[in-house]
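Quick note, the sequences are listed as chains A and B, same order.
The numbers in the working numbering rise by one with no breaks, and the one at position 61 of the first sequence is 61.
The numbers in the working numbering rise by one with no breaks, and the one at position 25 of the second sequence is 25.
Don't read these hints as lab results, they were simulated from the structure.
Backbone N, C-alpha and C define an ideal beta-carbon position, used for all residues, glycine too.
Some clues are possibly wrong.
Said to hold, decoys possible - What the simulated footprint calls covered on chain B by chain A, stretch by stretch (three residues with Cβ under 8 angstroms from a Cβ of chain A suffice, anywhere in the stretch; the number is not a length):
#, region
1, 12 to 20
2, 89 to 95
3, 160 to 172
4, 182 to 188
What the hints assert, rightly or not - Incomplete in silico selection of chain A near chain B, CB under 7 angstroms:
#, residue
5, Pro96
6, Ile118
7, Gly139
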Amino acid sequence: MNEVSRRGFLGAVSALMMLPAVSAAPHTESGKRYAMLIDVDKCFGCMACVVACAAENNVPLGSFRTWIEQLVKPDGTRIFVPKQCNHCEDPPCVPPCPTGATYKTADGLVLVNDELCIGCGACVKSCPYGARYSNPVKGVADKCTFCDHRLAAGLLPACVEACPTGARVFGPLHEDNELSKIVRSRPVQLLKPHTGAEPQIYYISLPDEVNR
Amino acid sequence: MLEYYFPNEAAEPLLWHPVLFAYTLLVSGADLLILAALAYLSGSLRRAIPLMTMLGIAFFAVVLAGPLADLRSPQRAYFIFANPHIVPTSTNPGISLIAFQSIAWLIALTLSALFALFTFSYYSHQASLSSTGFKRSLYRFFSLGVTTAEKYGTLEKIAKVIAVLMLPFLVLWGIYPSSMFLMQTWNPAWRSWALLPVTYFADTFVVATALFMLVYFFWRYRALEREVVVPVLKIHAAGSISVAALTALQMAVWWFWSPSTAEMVTPITPLMYVVITLLMLSFSLSFIAIRYHAAILAVSLVAMAGTFTNKWNIIVNAQLISKTGLAFLEAELEASWILETISPVALGVVVFVILSLLFPLEVSEGGK
Numbered sequence: 001m002n003e004v005s006r007r008g009f010l011g012a013v014s015a016l017m018m019l020p021a022v023s024a025a026p027h028t029e030s031g032k033r034y035a036m037l038i039d040v041d042k043c044f045g046c047m048a049c050v051v052a053c054a055a056e057n058n059v060p061l062g063s064f065r066t067w068i069e070q071l072v073k074p075d076g077t078r079i080f081v082p083k084q085c086n087h088c089e090d091p092p093c094v095p096p097c098p099t100g101a102t103y104k105t106a107d108g109l110v111l112v113n114d115e116l117c118i119g120c121g122a123c124v125k126s127c128p129y130g131a132r133y134s135n136p137v138k139g140v141a142d143k144c145t146f147c148d149h150r151l152a153a154g155l156l157p158a159c160v161e162a163c164p165t166g167a168r169v170f171g172p173l174h175e176d177n178e179l180s181k182i183v184r185s186r187p188v189q190l191l192k193p194h195t196g197a198e199p200q201i202y203y204i205s206l207p208d209e210v211n212r
Numbered sequence: 001m002l003e004y005y006f007p008n009e010a011a012e013p014l015l016w017h018p019v020l021f022a023y024t025l026l027v028s029g030a031d032l033l034i035l036a037a038l039a040y041l042s043g044s045l046r047r048a049i050p051l052m053t054m055l056g057i058a059f060f061a062v063v064l065a066g067p068l069a070d071l072r073s074p075q076r077a078y079f080i081f082a083n084p085h086i087v088p089t090s091t092n093p094g095i096s097l098i099a100f101q102s103i104a105w106l107i108a109l110t111l112s113a114l115f116a117l118f119t120f121s122y123y124s125h126q127a128s129l130s131s132t133g134f135k136r137s138l139y140r141f142f143s144l145g146v147t148t149a150e151k152y153g154t155l156e157k158i159a160k161v162i163a164v165l166m167l168p169f170l171v172l173w174g175i176y177p178s179s180m181f182l183m184q185t186w187n188p189a190w191r192s193w194a195l196l197p198v199t200y201f202a203d204t205f206v207v208a209t210a211l212f213m214l215v216y217f218f219w220r221y222r223a224l225e226r227e228v229v230v231p232v233l234k235i236h237a238a239g240s241i242s243v244a245a246l247t248a249l250q251m252a253v254w255w256f257w258s259p260s261t262a263e264m265v266t267p268i269t270p271l272m273y274v275v276i277t278l279l280m281l282s283f284s285l286s287f288i289a290i291r292y293h294a295a296i297l298a299v300s301l302v303a304m305a306g307t308f309t310n311k312w313n314i315i316v317n318a319q320l321i322s323k324t325g326l327a328f329l330e331a332e333l334e335a336s337w338i339l340e341t342i343s344p345v346a347l348g349v350v351v352f353v354i355l356s357l358l359f360p361l362e363v364s365e366g367g368k
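Just chain A, same shape as in the assembly (with noise of 0.2 angstroms):
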């Protein structure tokens, strides 16, 4: 209580001074650039990820941090399409909030301040993927953080750990790892490349139709 007021007063003054002040960002930074890639073939709909996802995150019923689509081809086959905040690396999100509640990270998260977030709503209207939702429970804009806080703790997302056939793998980009290999040796599509947000969770397999 006390930092928020004083952080308001500070911020008061600095508005009177016409100085915008930079909000302060919570998450801690380790310089990564972390990504998903997501394997279309490997995903059965088994929804693992999205009740591990709002176990882990506390998401209210009827939000979604994740989630997964589903298609129907004409011969019948189901395709499923899990989807989420892209965390992109020019993200249409992050300039319309107007308190500098939503931001990004070094490490390419792009993350919600909550102590900032008024709860305007511009930036869950500007997200083409649908990814935010304003939680109703604490008033403000809520997505997925990638897990940050189990990151921090050297662990993976709860949704890639829950994933039993291995459909998601994730870690940072330009490092020896699974998805670095991947991404590099493999085609790769991302979900809406015309928005020119640069989303930076890349898809194996993602049908055309996604995109159309």
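Starting from the known structure of chain A, fit chain B onto it as the hints suggest.
This is chain B only, laid out in the frame that chain A set:
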């Protein structure tokens, strides 16, 4: 293809509640101030300036009550001023239009208040001569010591400078809501509505003049003045025909140049026809009202019905078109939203009543 949707969007299809409807209505306060400033600078419509100024300030002062009611964490609303995202940094690239406009509001309101104080100084002195008791003291206080036309001359020059300074900020506010909608590029209807800013700008003038005529009618219904009614009606007619034409033009653009968009916006086109019809009717009635001044009430009510429909369609219905453009989501309108929508407008009315008690809206030219 099956089940292509965004679950979060389906869970809360109306993220921005209908209170934005009241919000954009209150933005017309900025347009009334634009008209007052232009009238003051050009020396025309002088008898309408006091009412326009006070009506404009009353509604513009409470304009942020609309989005405030729509915030999920309104207790932190002051962060917009305390921590505005108006300079790009590595962690916060870009600038926020909402933060920028909030600061523009503060500047515009301060300038408008100074403009009102200075322009009303001599009016207040004139009013103090014919009043008694507490009201006389009040008018004397707001006369700022201006007791002669010569003294007012100095303040008038300052007021003109202020009028020029406040214009850009007020114009920014006139197009703000539509610019904000257009920047939410992932709403397929808004991002395809290229004429939205200019339509909205004209639309706020329609609301502003309609509101002015409504208040003016009930205030002076026995003595409506031609020199006030006719110019306002002409501005109103120009605004009405502009909005109707721009709405029709936007529909034509969709039909002829983007059939897929025309198909996507099908759920909102019926109300666009209603808007065109009502505003054409208001345009026609304006000419009748030029001859029969009492008809300004009908002009005002028809125009308001038209712009209310327009705003509802743009803000609420367009928001219900899903991000894919493939579905029209259903929103359950909550009863509390009615109060939420009426309250900011009611607050504007209260502020106007207070201002009309503090300042004389009746102007006598030349100190007579």
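Holds or violated: the hint that Gly139(A) contacts chain B, with Cβ atoms closer than 7 angstroms.
4 angstroms, holds
Any CB of chain B closer than 7 angstroms to the CB of Pro96(A)?
This interface hint holds because 6 angstroms falls under the 7 angstroms limit.
Check, residue by residue, whether the region 12 to 20 of chain B contains three or more positions whose beta-carbon lies closer than 8 angstroms to a beta-carbon of chain A, and give the verdict.
Answer holds; 3 residues pass the 8 angstroms Cβ test.
Count the residues of the region 182 to 188 of chain B whose Cβ falls closer than 8 angstroms to any Cβ of chain A, and tell me whether that reaches three.
holds (count 5)
Should the hint that Ile118(A) touches chain B count as held when the rule is a Cβ pair under 7 angstroms?
5 angstroms, holds
Counting residues of the region 89 to 95 of chain B with a beta carbon closer than 8 angstroms to any beta carbon of chain A, are there 3 or more?
Holds: 7 residues of the region 89 to 95 of chain B have a Cβ under 8 angstroms from chain A.
Tell me whether the statement that chain A covers the region 160 to 172 of chain B is true, taking a Cβ distance below 8 angstroms and needing three residues at minimum.
violated (count 0)
Violation of the numbered hints given earlier is confined to hint 3; every other hint is satisfied by the structure.
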